[in-house]
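Visitor: With the sequences and hints as input, model every part of the structure.
Heads up: the sequence shown is residues -20 to -1, 1 to 111, going by mature numbering (1 follows the signal peptide of the UniProt record, and there is no 0).
Bear in mind the hints are in silico, worked out from the structure with no lab data behind them. Every residue gets a Cβ at the ideal spot worked out from N, C-alpha and C, and that includes glycine. Any given hint might turn out to be false.
As the list claims (entries may be wrong) - Subject to a maximum C-alpha distance of 25 Å in a straight line, what follows is the list of computed PhoX-like cross-link-like pairs (lysine-lysine):
hint : residue 1 : residue 2
1    : K70       : K98
2    : K85       : K13
3    : K70       : K13
Stated by the list, open to error - The following label-pair restraints were derived from C-beta to C-beta distances:
hint : residue 1 : residue 2 : range
4    : L68       : S7        : 16 to 24 Å
5    : N49       : V10       : 18 to 26 Å
6    : L68       : G37       : 29 to 37 Å
7    : K13       : K98       : 27 to 35 Å
8    : S7        : P40       : 20 to 28 Å
9    : T82       : T35       : 18 to 26 Å
10   : L68       : G11       : 19 to 27 Å
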Amino acid sequence: MKEIIRLLLFSSIALSGLWCQAITSMSVTVGQKAALDCLLHTGNSTGIVSWYKQTPGQGPQFILSYSTNNTFQVSYGHGFNSSRFSVLAKHNETHQHQLLITRTKEPDNAVYYCGLSKNMLKNPADQKLQV
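Guide: Below, the structure is given as structure tokens:
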């Protein structure tokens, strides 16, 4: 019997005239490809799209982020990489962004969040916290 993975996408609302809206649930068989859609209403503005994964009882995990005008420069979170996680964006007034997960596994069973922010630090690696 094939295992089914259930994925739920919930997109958040952003401020400054940029917003996104989608609540989607899908099921795929383990090993299949999953494509989660996120519609971002940005007009002519650019911003940073971020994707997060949350499994029951855990906090959200950062998967990846990229600029709305450059999907080729993707920053990945710890434990996520381009071998299984990628993005596809259709550039028109209503930007459609997809998180693509190849070779799905049981641990991919989660709620996925997409969000849009207008600003990003130019050199986030240079930010340090000393406690």
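Visitor: Kindly indicate which numbered hints from before are broken by the structure, ordering the numbers from low to high.
Guide: 5
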